[in-house]
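J.: Using the sequences plus the hints, can you model the full thing?
Chains as they are written, first to last, in the numbering used here: chain A, 31 to 378; chain B, 16 to 221; chain C, 9 to 654.
A hint or two may mislead.
Pulled a few chain C residues facing chain B out of the computed Cβ check, cut under 10 Å [what the hints assert, rightly or not]:
| hint | residue |
| --- | --- |
| 1 | Thr280 |
| 2 | Ala316 |
| 3 | Asn534 |
Rough simulated footprint, nothing fancy, chain A against chain C, three-plus residues with beta-carbon under 8 Å [claimed, not checked]:
| hint | region |
| --- | --- |
| 4 | 29-38 |
| 5 | 426-440 |
| 6 | 539-546 |
The calculated SDA-like cross-link candidates involving lysine to any residue, where the alpha carbons are at most 25 Å apart (straight line), are [as the list claims (entries may be wrong)]:
| hint | chain 1 | residue 1 | chain 2 | residue 2 |
| --- | --- | --- | --- | --- |
| 7 | C | Lys523 | A | Asp102 |
| 8 | A | Lys92 | C | Val531 |
| 9 | C | Lys443 | A | Leu32 |
| 10 | A | Lys92 | C | His445 |
| 11 | C | Lys443 | A | Val34 |
| 12 | A | Lys319 | C | Ala560 |
| 13 | B | Lys114 | C | Pro106 |
| 14 | C | Lys443 | A | Gly36 |
| 15 | A | Lys349 | C | Gln165 |
| 16 | A | Lys349 | C | Pro106 |
| 17 | C | Lys443 | A | Phe93 |
| 18 | B | Lys114 | B | Glu198 |
| 19 | C | Lys443 | A | Phe91 |
Keep in mind the hints are simulated off the structure, nothing from the lab. These numbers were taken from a predicted model, which means no experiment stands behind them. Note that CB positions come from ideal geometry on N, CA and C, so glycine has one too.
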Amino acid sequence: MLIVIGAVVAVVTTAIAIFIPWLPAQASVQRERIDFVFWLTTWISVAIFAIVAAVIIYCVFKFRVRPDDDSDGEPIHGHTGLEIAWTAVPAILVLVIGIASAVAVARNERIGPDPLRIDVTAVQFAWRFDYPNGVTSPTLRLPVDRTVLLRLTSNDVIHSFWVPEFGQKQDAVPGIFTSLVITPSKVGRYPLPCTELCGLGHALMRSAAIVMPNDEYESWLATAQDERTGVPPPDDEPEDEGEEEPEGDQEGQQDDPEDEGEESAEAGAALFAENGCGNCHTFAPAGAKATVGPNLGDLPDDEDYVRQSIVEPGAQLAKGYQNIMPPYSQLSDEQLDSLVQYLLRGSK
Amino acid sequence: MTAHAPAVDVHHGEHHGPPPAHQSSRVSAPVLGMFLFIASEVMLFGSFFTAYFFVRVVNPDAPGWPPEGFHVPVFVAGVNTAILVTSSFTMHWALQSIKRGNRAGLQAGLVLTLAMGLTFLLTQMLEYARVGFAPRDTAFGSVFYGLTGLHGAHVFVGLTLLTVATVRAFRGHFSPEHHHGVEIPGIYWHFVDVMWIVVYATIYLL
Amino acid sequence: MSTTIEQQHDLHATPAPRPRGTRARLLAPGWLRALWMTPLFLGIGLALVLGIRALAGWDPIWYWQPVLTVAFLTTAPLGFLAGIGCFDYWARYAVGTPTQPEDHSGHGAHSWRDYFRVNTDHKVIGTQYVVTTIFFLLAGGLLAMFVRAELARPGTQFFDPQAYNSLFSVHASLMIFLFIIPAFAGLANFVIPLMLGAPDMAFPRLNALSFWMLPIGGVIMLSSLIVGGFGAGWTGYAPLSTRGDPGSLFFQMGVQWAGASSIATALNFLVTIITMRAPGMTFWRMPLLVWANFTTSLLVVVATPFIAGSQFFAMFDRVLGTDFFTPDQGGYVLAYQHIFWFYSHPAVYIMMLPGFGIASEVISVMARKPIFGYRLMALSLMAILFLGFSVWAHHMFVSGMAGYLRVPMMITTLLIAVPTGIKVFSWLATLWEGKLHFTTPMLFALGFVSMFVIGGLSGIFLGALPIVIHTSDTYFVVAHIHYVLFGGSLFTIFAGIYYWFPKMTGRMYDERMGKLHFWLTFVGFNATFFPMHIIGVQGMQRRIADYAPEFANWNFFISVASFALGASTLIFLYNMITSWARGPRAEANPWRALTLEWQVSSPPPVFNFDEIPQVVGNPYEYGVPGARHAVLNGDRAAVEEEVRVH
Ligand code: HEA
Ligand code: HEA
Ligand code: CUA
Ligand SMILES: [Cu+2]
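T.: This is the structure in C-alpha cells:
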C-alpha cells in the first residue's frame, strides 16, 4: 500500500517534471552542464518528495482514529539504525549534487585560449556592449561557437546580466569588474533582461543577445566599425538565420518604423528602438506606450532642448518626473541629429 | 480529561504576588541579561568592523589607510585610551568598595569614573572638530567616524548608566548584599573600555 | 473578547486605581500622555537637528532628511513609548525614588482595554503580539493582492513602476519583520513561561517595551507609502536604496525598531529559559518548542545587529553623505550585501525554527505518540543554527563576490538539508503507528511538513551553483520564498494559533470552519505559488511590474488563484473573531497534552501557577503507562513518589 502510494506520487511528480516545459531552449555550451545538474537535482528531489508524500498520505488513511478513540499510540522513542540512515543518505545525496555542481561550474568558467572579450556597461536602464575594435552596441552580438568573456560593470546601481537561453547570469556592480563566460551554441535572437532590481525602469531594461554565424558577425563588426561615426548598425532582424523567431522581446516589435520617410528618419527610428527609449516613453510613431517618462509626442519645437534632454537629462527636468533617464552621451553627433529630427517630426 | 486541579487559592490575605520563580541557574538573571546584551553589542561593532574590513582590505583599489592627505591624531587618542583604561580600574574599585560596605569608596569611584568618561567624550569631540575631515570625505572618513562615533554613543550610554548608579549611590542605595545596580553598569563600562582598545588598535595604530 | 480572567478566576492582583483630576490624568501612563509626549519629543528632535546644524554652520539649516530621520522616526516614537508608559519604572529607578516591585496592577488583563495598555503579563503581551501581527499579515497580504492585480496582465495597469516596487517591498518587509518573526515571538511569549513552569518572563518590563516597539516599526513602514514608498525590495540593496525615493529612510528606520524589538525579546527568552526553569526541568526535558525558541533567540541576539549595521550605513550614506557604498570615494558596494545577508540568512531560520517547534508539539499530541528521536530533534536545531551562520553568501552567488567563497558556501548550504531532513523524517516516524486526530492544528502541521519539503528542495536547487546562476532573481526564487515562508512559517503559525487558541482565549474555535480554512488555503497556496517555479525557470525575472507576453497565461492563472488564497484568510479571520467573542468555553486541556501550559486552566491564572510545579519526566510520554511530565499544586506525595521512582 505504502509503496503503491509512493509510486503514484512519483509518477505524478515525474510527469510534472517531464511534461511541463521547464527550461527554455538551450543555446550555450554552459547551459548543457547546468541542465545536467538541474535534472540530477530534480530526480533526487522527486524521489525524496515521493517518499515524504507517500508516508504522509499513507498515515493519513491508515492511522486516523475516530474522534471518540482516546487511546494512545505505541510509545516508540527512536530507532538508532533509522536515524543513522536518514542522516547519512541525504548527506551523500547532497554531496553528490555539490560535487556535480562544483565540477560543472569549474568547467563553465574555462575561457579557452582565445576568448572574444567584450566590455559590458550597465546604466539605468540600458546596456552597452563595447567590442575590442571600438564598436559600441546596445545589443549583444556574438559569433556562434566561440567563447566570449564578458567584463561587466555598472555606472550607477547594481544590474544583472542574464540570457535564459545561455543560462548564465552575473551582476554588474558599480566600482568593480565582474566576469562571465559564454559559449553560444545556437544561432538566434534571445532576450537579455536585467534581473537585479535597479529602480523604476528595471522591468523594462531589456535588450537582446543575437548569435550569428561567424562570417555574418565579422561583417557586422566591420560595417559597424566603418560607420561608427555615421549611420547606426544595420537593422538586426535575423532574416537569414531564420531558425529562432524573436520571442517576447520588445525590441523585436518595435523594429519596424511605422513612419516611412527619408533615410535619417529611418535611422532615428532604429536608434529609438535600439536605445530602448520606448521602454520609458510614449511615442506614437514608434508604437511606444510606456509612461515612465513624458510623452515625446508633446515635445516643444526646440532642437537644443531636445538634444540636451537626451545627452544630459538631469539639466532641465520635465515637470512631474524624476531624474532617472540615463544620459545618452555615447551617441555620436550624427546619431543625435537623426534622433532629434525623428522625435521632432513625430511631435505635433 | 482535565489534568488541572482547579486553582486552589493557597494564599489568602496579604500576599498578592506570583510564587517566586525557581532559580534554575547559578547566574543571576540581570547579569546574564547584560552579558547577552553585550554579545549583541559586540556583533553590532562586528558589523562596523566588517565595513572597515571591506573598505580597507577587500576593496581592490583602496587608497591606503589613512589615504594621502588624511591624518589621525594617534597621540591624542592614545592619551584618551589611557584615560578610559584608568576609568575601568576606578569602576572596579567602586564595586569592590560597596562589596565591603565602603560607601564613600563607592561614591568616589563612581564620580571618578564619570569624570574620566566625560573627559574621554569631550576629547573625542574636540578631535572631531580638529581632525580636518568629515564623514563625507571618502570611505575612510565614513569608517573612521562610523566606528569612533558608534563607540562614542556607547560611552554616552555607559555614562548614562553610571549617572543612574551615582545618583542612587548618593541617595543611599546599594549594600554589600545588593549591588546589581553598580555591578551591571560596571560590566557594561568594562565592555565599552575593551571595545575602545580594539577600535583604537584597528583605526589608529594598524 | 468578552472573556476576561475576572470571570473565571479569583484575582491575585487589583486593577490599577483610576487617576483622578485632569492633571493626574494627563500624567498617568496611557494614550492621553502619549498624545502630548509624542509631539513634545518630536519638538525636541527638531530642536536637536536644527540646533546642531545651526551651530555647525551647515547649510541649509532646514534639511528634511535628518529632520525626518531624527525627529519623526526616532524621537517622536520614543516620546510615544515614554507616554504610553514603557519607561516609568526605569525612570523612577534612575532617579532613586521608590519603585514598587510588589505592584502588579500592570499584570493580567481585566477588561479588553488592558490590551491597549502597557502590560507586563507575558500572556497579555503574547496576545497583543499575535493580534498586532495578524493585522500586519492582512496589510501585507492586501499589498500582495495589489501586486497580483498588477501582474494579472502584461503592461502597466494600476500602478506605475515606482508604486509597484513599493508594493512588493512593503509587502515583504511587513510579512518578514512585522508578521512572521514577531508572530512566533508572540506565541512563544504566551507559551514559554507556562511550559517552563515559570510565573512570567525574566524581564517583564523589557517584554512590554519589546512589544510596543513593534507597532512603531510597522507604522513607520506602512507610512512610507504616504511619501511614495520604498522601492529597493526588502533587501534594500545599496546603492539603489541610498538614492532616489525618500521612502527608503522609513524602511531603514522601521527595520531598526523591529530589530530592537526582536533582540530584546530574544534576550528575554534566553534568560528566562536559562534561569527560570521549574525544578526538575532539565534541558533534556524541555518541550521542543522551548528548544526551538532557545536556538532562534541565540540567532537573533547574535545576527540581528548586523542588519542594524547595514541599515545604519545605508542611512548614513543618504543622510550624512558618507561613502560606505560610493565606489569612486573608496566605498565598496558588495559590503552591504555581505553584512545584510550575514543577518538575513540566519533570519530565514529565525523565521522557521520556532515553526519546527510548533510542528513538533502539535504532531506529537495529535498523533498520541512521543516525538521520535527527541534528542536528535533538539541537536538538529543546534546544527542548523551553526550551519546557518556559514552560508550567507548563497544569496550572492551571482553578485561578483570573491570566487573562492562560492564552493564552500554551496557545500554548507546543501548540508543544511541533513539536519532539516532529520527533523522531517522524525516527524514522519512520529506519525507512524500513531492515533492521528485530524484537528485543524494537525492539518496545518501536516500541510507544513509536505509543503516545507517542496520549499526546502527548491532551496537545494538554489544552493546548487550552476542552477542558481540560472535561477537567481527569477520567479523560481519567489516560489521558494513562498513555499518556505507561507508553506513553512505561516502554516505553522496557523497551526500554533489554532492549537493555543483555547488556552489564550478560554474559548474553542469552530472546527469546521478551521478545516475549510485549511483546505482552501492549501489548494489556493499551491495553485498560486507552484506555477511560479515554471515561469521562473523559463525566464521571468522577479521584481518586475511588466513582463514579456509569453508569461501572460500563467500569470493570469496565478493572480486568480491568489485572490482565492486571499479570500481564504477572511474565513480564518471570521472564525477567530466570532469564536473569541462567543465560542464555547474551552476545557483546560482539550488536546489531552502533557506539557505544562495545558495543566492550568484556560485561560491561565494571572500568575500561571499557584505553586511552581515539579517536573518529573519527559514532555511527550504519550502511551507510556503512568508517565507524567510534571506534578502540580502541592501534590507533594505524588512528587516524592515520582522523584523516588525516576
Ligand atoms: C523560512 C525561510 C527559509 C528557509 C527555511 C529557507 C531554506 C533554505 N533556502 Fe532559502 N530563501 C528564503 C527563505 C528561506 N529559505 C528567502 C526569503 C529567500 C529570498 C531572499 C530574497 O532574495 O528576497 C531565499 C533564498 C535562497 C537562496 C538564494 C537564491 C537567490 O536569490 O539567488 C538560496 C540559495 O542557496 C536558498 C537556499 C535555501 C536552502 C538550501 C534552504 C534549506 O534550509 C532547506 C533545507 C530543507 C530541505 C532540503 C527539505 C527537507 C529535507 C529532506 C526531506 C532531506 C532530504 C533532502 C535532500 C537529500 C536534498 N534560499
Ligand atoms: C511570510 C512571508 C510572505 C507571505 C505570507 C507572502 C504572501 C503572499 N505573497 Fe509574497 N513575498 C514575500 C513574503 C511573503 N509573501 C517576500 C519576502 C517577497 C520578496 C520581496 C522582494 O522581492 O523584495 C515576496 C514577493 C512576492 C511576489 C513577487 C513580487 C515581485 O518579485 O515582483 C509576489 C507576486 O506574486 C508575491 C505574492 C504573494 C501572495 C499572492 C501572497 C498571499 O499568500 C497573500 C494572501 C493574502 C492574505 C493573507 C491577506 C488577505 C487580505 C485581504 C483579502 C484583505 C482584507 C484585509 C484588510 C481589510 C486589511 N509575493
Ligand atoms: Cu537594471 Cu534591473
Ligand atoms: Cu539564505
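J.: All the hints need checking, so say for each whether the structure fits it.
T.: Right, here's what the structure says about each hint:
1. Thr280: holds (8 Å)
2. Ala316: holds (6 Å)
3. Asn534: With Cβ-Cβ at 37 Å, over 10 Å, it is violated.
4. 29-38: violated (count 0)
5. 426-440: holds (count 10)
6. 539-546: holds (count 3)
7. Lys523/C x Asp102/A: Within the cut-off at roughly 23 Å; holds.
8. Lys92/A x Val531/C: Given that 25 Å is the threshold and the Cα spacing comes to 23 Å, the pair holds.
9. Lys443/C x Leu32/A: Holds: Lys443/C and Leu32/A sit about 17 Å apart, inside 25 Å.
10. Lys92/A x His445/C: Holds, because 12 Å separates the two Cα atoms, which is no more than 25 Å.
11. Lys443/C x Val34/A: holds (22 Å)
12. Lys319/A x Ala560/C: holds (18 Å)
13. Lys114/B x Pro106/C: Distance ~22 Å between Lys114/B and Pro106/C Cα, so the pair holds.
14. Lys443/C x Gly36/A: holds (22 Å)
15. Lys349/A x Gln165/C: holds (23 Å)
16. Lys349/A x Pro106/C: violated (62 Å)
17. Lys443/C x Phe93/A: Holds. Lys443/C to Phe93/A sits at ~6 Å (cutoff 25 Å).
18. Lys114/B x Glu198/B: holds (10 Å)
19. Lys443/C x Phe91/A: holds (11 Å)
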